[in-house]
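Just so you know, the sequences run in chain order A and B.
The first sequence begins at 1 in the working numbering and counts up by one.
The second sequence begins at 1001 in the working numbering and counts up by one.
There could be a bad hint or two in this list.
To be verified - Sample of chain B residues lacking proximity to chain A, with all beta carbon distances greater than 10 Å (derived): (1) Asn1073; (2) Leu1090; (3) Val1134.
Claimed, not checked - 20 Å max Cα-Cα, derived SDA-like pairs, lysine to any residue: (4) Lys1247(B) with Leu161(A); (5) Lys1247(B) with Gly159(A); (6) Lys1247(B) with Leu223(A); (7) Lys1247(B) with Gly155(A); (8) Lys210(A) with Leu223(A); (9) Lys1247(B) with Pro162(A); (10) Lys1247(B) with Gly165(A); (11) Lys1247(B) with Ile156(A); (12) Lys1247(B) with Ser266(A); (13) Lys1247(B) with Glu263(A); (14) Lys1247(B) with Ser164(A); (15) Lys1247(B) with Leu158(A); (16) Lys1247(B) with Phe146(A); (17) Lys1247(B) with Lys210(A); (18) Lys1247(B) with Phe154(A); (19) Lys1247(B) with Ala253(A); (20) Lys1247(B) with Phe152(A).
Unchecked claim - Away from chain A, derived, C-beta distances all over 10 Å, residues of chain B: (21) Pro1040; (22) Asp1050; (23) Asp1179; (24) Gly1188; (25) Val1191; (26) Ala1216; (27) Lys1247.
FYI, nobody ran anything at the bench for these hints, they're computed from the structure.
Think of the CB as a built atom: it goes at the ideal place given N, C-alpha and C, for glycine as much as any other residue.
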Amino acid sequence: MLGFALRRAALAVAVGLAVSAIAFLLLRVSGDLAATLAGEEASAAEIERIRGLYGLDRPVIVQYGEWLLRSLRGDLGRSLFYPESVAKLILDRLPNTATLATLGLAVALLLSIPLGVVAALFRNTWIDRLALALAVLGQAMPSFWFALLLIFFFGITLGWLPVSGTEGLANFVLPALALGWFSTPVLMRLTRAGMVEVLAADYIRTAHAKGLPVRTVLVKHALRNAVAPVVALASVQFGNMLSGSVVIETVFALQGIGYLAWESISRRDFPVVQGILLVVALFYVVLTLVADLLNAWLDPRIRSG
Amino acid sequence: MSGAQVTRRARWRGNWGLIIAAVVLGAIALMAVAAPLLAPFDPYEQILDDRMLPPAFVDAERASPDHLLGTDNLGRDYLSRLIYGARISLLIGFFTMVVSGVIGTVLGVAAGFFGGRTDMVVSFLVTTRLSLPVVMVALAVVAVLGGSLQVVVLVLGLLLWDRFAVVMRSATMQVRSRDYVTAARAIGCSVPRILWGEVLPNVVSGLVVIASYEMAQAILLEAALSFLGLGVQPPLPSWGLMVSEAKEFMLFEPWMIMLPGAAICVLVLAINLLGDGIRDLTAPEGRR
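Here chain A stands alone, though its shape is the one from the complex (with noise of 0.2 Å):
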């Protein structure tokens, strides 16, 4: 198990220090420093002053190194556009982004599991069919327009609930839904595919014929097994919601950190965009290291692969 964690654990590091190098990289191509600091008026004279200032004519590797020194401290510099440190915007929207993405994958357990279990029982009727219909057709949607008709019916025409904005949970209910939805699918043919695998082994043979409760089979013999890797899975959709999370808030004019992302895209704040990406990937490879961890400890096959 040590071994294993070891090398899982040098593989996150060697990941988080390439995203690092690739979010460096973003800020530095997205045009010059230097003369962005400078202002647009700035003489050619002033623009070399900044850079010999700001330390941006050393070896690129060696302001690499010192960024990422930095950054690590919390450091992430200040943003073109807001009076404000990158660390404390990143900071101010993130727990509406939590939320959103808590939310959602809530969303998108409540609908996969109960679908997945009930096209697993009734396998190859209609039922089945349905559900999977629904997780083809969910497949097929773009995101932005899910989240459009959802604003259409729910608050427009029957002006149920808030469209934009962030001020009450009501205002996440919309954005949870249309962010929930896209990841029901995979989670769904997940469990109908655990579930299927479940119900065919001896040990619910044997259940059954103990003369278990039906109900008691269901839930506490096969559920339990078939979720297993779902709930893998959800840990790595939860990272995707708050990627993915950049269109739905955008959408919804929610104040989370994908709405940000984009606001300082388009107004080209790349210091802000950088600090971000930073944030959002090192979080994703966190996340994914921990889930390996735990799965690998639950099941020791994996620890030799």
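Please build the complex by placing chain B on the supplied structure of chain A, with the hints as guidance.
Relative to the frame of chain A, chain B by itself:
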């Protein structure tokens, strides 16, 4: 119900999906190719007197007989823009799939065939790629490089190869120790020749399913990027861009977002069903 019956039914059903998907996809492709012949108007021509005319099935009184699916806020014929939009979706979907397919297949086959250090490097690359938030990176790169079709294809191609690599890796690992590969080695074939002549033909069948899936992903992503204003640029009739342009009129003219959105949905659905159908044909036990 016997097992054979189930299998036959599954196959039969898979084939129907496959046939419908192929017909729909073929029709869209034909529409894209023959767009100048089929489109009743120039998709860029603005007839400012005829702005936002609804289709006849939405509002027969305001509708114009010339514009079957109405006009947009600049008086451009909606049907013509939808027909030309198919070109953008298919072009970006296809070429992104080719770029990502080549990258992913090369990496996956190399990792599976050579194993060891090569495998480690590829798995590092895949993990790094998966850690990058696709939409955010694509938006940022398009913002830096500009939103041309080529840039969108390149960015998406460089971001969507991971599934190709993972699937090709495991397929190659299964093929690597087969007798025909060993035989080719024994008679002294060079490594490139073994890879090209023995390994690739035997792993390529799995490619079709991922390729269809990735093409669908690319089309959805292009639509999302264009919707967010950082993909294909106006006045090109990208379906995602059309939804974005119609968004502010959604309250009174909801059909304007429905039509291009439904177009994306139908195209992606057809591509996905085609992939599923091919998978069921080649491996009917895939769907249990």
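Please check whether the beta-carbon of Val1191(B) is more than 10 Å away from every beta-carbon in chain A. Nearest chain A Cβ is 26 Å from Val1191(B), so the label holds.
Within a Cα-Cα threshold of 20 Å, do Lys1247(B) and Gly155(A) meet the stated pairing? Holds, at about 14 Å.
Check the hint pairing Lys1247(B) with Ser266(A) against an upper bound of 20 Å on the C-alpha distance. Given pair Lys1247(B), Ser266(A) holds - Cα atoms ~18 Å apart, limit 20 Å.
Quickly compare the C-alpha distance for Lys1247(B) and Glu263(A) to 20 Å and report which way the hint goes. Roughly 18 Å between the alpha carbons, so the hint for Lys1247(B) and Glu263(A) holds.
Between Lys1247(B) and Ala253(A), is the straight-line Cα distance small enough, at 20 Å or below? Cα-Cα ~14 Å, so holds.
Status of Pro1040(B), Cβ more than 10 Å from any chain A Cβ: holds (25 Å)
Does the structure keep Lys1247(B) and Phe154(A) at a Cα separation of 20 Å or less? holds (16 Å)
Compute the least Cβ-Cβ separation between Asp1050(B) and chain A, then decide whether it is above 10 Å. holds (25 Å)
Claimed clearance of chain A by Asn1073(B), with the beta carbon kept past 10 Å: holds (16 Å)
Is Lys1247(B) close enough to Leu223(A), meaning Cα to Cα at most 20 Å? Violated, at about 43 Å.
Is the straight-line distance between the alpha-carbon of Lys1247(B) and that of Phe152(A) 20 Å or less? holds (10 Å)
Proposed proximity, Ser164(A) with Lys1247(B) (alpha carbon, max 20 Å): holds (14 Å)
Of the numbered hints listed earlier, those contradicted by the structure are 3, 6, 17, 26 and 27.
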